[in-house]
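K.L.:
All chains should be modelled from the sequences, with the hints used to inform the complete structure.
Chain by chain, the residues run as shown.
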Amino acid sequence: MSALLEVRDLTVRLRVGGADREVITGTTLEIAEGESMGLVGESGSGKSMTAKAIARLLPAGATVEGSVRFAGTDVLGLSGADLRRHRAKVAVVFQDPRAHINPVRRIDDFMTESLRTLEDVPRAQARTRAADALEEVGIDDPARRLRQFPHELSGGMLQRVMIATALLSRPLLLLADECTTALDVTTQAEVMAILDDLRRDRGLSMLFITHDLELAGAVCDRTSVMYAGQVVETSAAHRLHADPLHPYSAALVQARPDVTSTADRLVAIPGRPVSAFEAPSGCRFAPRCPHALDGCRGHEQTLADLDAGRVRCERAATLRGRLLDPTESPTESEETADA
Amino acid sequence: MLRFLLRRGAMLVATLLVASFAVYGALDLAPGSPIAALTGGRTPSPEVLAELNARYHLDDPFLVRYWNWLTAALTGDLGQSIPLRENVSTLIGQRIGVTASLVALTSLVIVVGGVGLGLLGALRKGAVDTGVVLVSTVSAAMPSFAAAVVLQFLFGVRLGWLPVLGTGTGFADSLKHLVLPALALAATSVALVTRVTRTAVREELDKEHVQTAVSRGLPWSSVVRRHVLRNAAIPITTVVGLTVASLIALSAVVETAFGLNGLGAYLVQAALNKDFAVVQGISLVLVVAFVVTNLLVDLAYALLDPRVALGSRAS
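Residue numbers (the numbering used here), protein chains in the order written: chain W, 1 to 339; chain U, 1 to 315.
By construction, these hints were calculated from the structure, which means they are not laboratory data. All clues stand as given, with none of them false.
Straight-line Cα separation of at most 25 Å, DMTMM-like style, residue types lysine to aspartate or glutamate; simulated pairs: (1) U:K207 - W:D108; (2) U:K207 - W:D96; (3) W:K89 - U:D206; (4) U:K207 - W:E178; (5) U:K207 - W:D109; (6) U:K207 - W:D20; (7) W:K89 - U:E208.
Partial chain W-side listing against chain U, Cβ under 10 Å, derived: (8) R56; (9) R87; (10) V90; (11) N102; (12) L175.
Which stretches of chain U does chain W cover? Using the computed rule of at least three CB atoms under 8 Å from a CB of chain W, they are: (13) 202–209; (14) 212–226.
These figures come from a predicted structure and were not determined experimentally. Quick reminder that beta carbons are idealized off the backbone N, C-alpha and C, glycines included.
P.N.:
So this is what it looks like as structure tokens:
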């Protein structure tokens with residue numbers, strides 16, 4: 001398995017009002033060719049910033065440490081035409097298609113712009129390819145849609161246009177940043193199915209950013225969970241749900257309503273999510289973690305391999321298999337286990 | 001699009017009608033009479049007075065005179081100048097070219113200078129941007145009569161590069177004579193357009209769709225041209241249209257300062273001479289130019305922003 005994308009110890013600081021604020025700390029993940037990786041976490045956990053760093057779309061004034069290697073090139077060192085070539089190979093599907101498509105240009109222009117500008121494809125030929133791409137994402141009467149303006153299309157249709165456009169330039173990696181969040185639930189399912197199908201057909205790699213653990217489980221091979229700017233766990237997507245490695249992942253799983261059983265009350269994670277710059281020293285999740293011991297707060301946690309996954313928790317091995325067990329009251333069992 | 005045009009056309013006609021009434025009525029209410037100007041302050045005998053009143057229809061009721069004037073104006077006849085005994089349309093025709101050229105050249109300066117400077121300020125942060133803001137502030141604070149004196153002194157008297165007075169003969173010479181007046185007339189407006197362009201471009205640069213364009217690996221120049229400037233053109237066109245429309249009236253000061261024989265200067269002169277027919281005629285021409293310019297801006301607006309003509313914002 002050769003890694004198409006390799007992110008190592010990526011740390012990003014943004015300049016906010018004169019001060020540098022850390023938004024990602026030491027993120028590490030890799031995506032193999034044809035693999036789909038989910039990136040899950042609460043708002044402000046650094047998911048989108050990770051994607052922006054990979055596509056080199058961070059705002060001006062951002063400082064970046066660590067390394068991002070994509071298809072053998074060092075992404076962070078790119079500039080000028082090389083950087084543009086890199087961006088062309090990494091297609092981004094953004095969250096809000098209405099804001100992310102220029103409202104004063106026709107769908108035709110939006111879809112064919114890359115082909116015409118970067119690959120010198122003649123206009124008529126580019127248009128034919130765009131029409132075919134629209135048909136592939138299930139849009140009827142593509143010729144008419146191409147002549148229309150974005151405000152004449154529904155949100156779900158625009159997102160399909162966005163996906164079709166992203167695939168049109170034959171990228172190697174797809175960055176889908178909460179690409180279904182702005183859509184209503186039935187449209188979400190449709191758009192997701194189309195995206196998943198087309199990606200598999202093409203054997204395209206994908207980084208799928210979402211806060212929906214189950215959705216990630218359905219469309220991804222592996223899932224990384226982020227908390228306060230750090231990746232705290234990477235596991236096979238289907239396993240994360242049943243057998244999480246990190247207490248935070250377990251808490252996320254437990255906070256989800258289960259469709260097969262009725263629960264009186266959903267389990268909420270105590271406290272509030274923190275961003276990287278306001279995170280405590282030591283384990284960042286410790287203040288909210290039911291399994292935390294004094295030792296967890298003492299030093300930074302590192303990502304370590306465990307059971308074919310990777311976890312940033314020094315107690316993960318001790319806690320194996322017990323995180324989702326409702327009969328086990330964490331604090332009591334901890335004490336006996338440590339005694 | 002057709003409905004949009006029809007609606008705008010109807011609004012244009014209504015505006016012109018109201019404006020023509022206001023122009024005619026205001027001058028009718030103004031103190032002084034054309035006869036007084038004609039007789040040079042001497043009191044004419046009652047017979048002469050009656051004769052003059054009859055010749056120029058001055059005794060007719062107001063609405064009748066307005067109606068006659070309006071219907072004649074529609075055929076291009078703006079009446080007679082009483083002091084000069086000449087056709088007003090002819091008098092205007094002799095001068096409209098100078099004013100039109102001046103306004104055209106000024107508009108060019110405003111668009112090229114204003115949009116250029118604004119774009120420069122928006123895209124190049126730091127010292128260049130500060131410079132643009134500084135220049136536009138100074139320029140904004142410069143009324144055209146002051147700018148006229150400064151330009152005349154600098155380029156006309158000190159450097160001797162350009163003529164400071166008169167209209168000139170032939171195309172090249174006429175153009176040369178219009179350069180300084182155009183710069184003087186443009187000073188304030190360039191600043192305004194610079195500021196609006198700078199803000200609009202800045203705002204557009206932060207838009208998500210620009211990020212999309214960047215993320216697709218398009219060259220920066222193409223992103224700026226096709227997405228930033230294209231979208232910022234909507235507010236820019238509005239402000240350019242408004243400034244250009246007001247230039248026609250403002251040209252009076254500059255034409256007087258540079259001794260240009262244009263409509264603006266002539267309007268002031270005619271008002272001083274109590275040459276009511278000329279004042280009415282020129283005012284009507286100014287109103288028409290203003291309204292037509294605004295119509296063109298609205299059309300440009302609809303062409304630039306597809307959401308206008310079809311969406312609810314058109315009303």
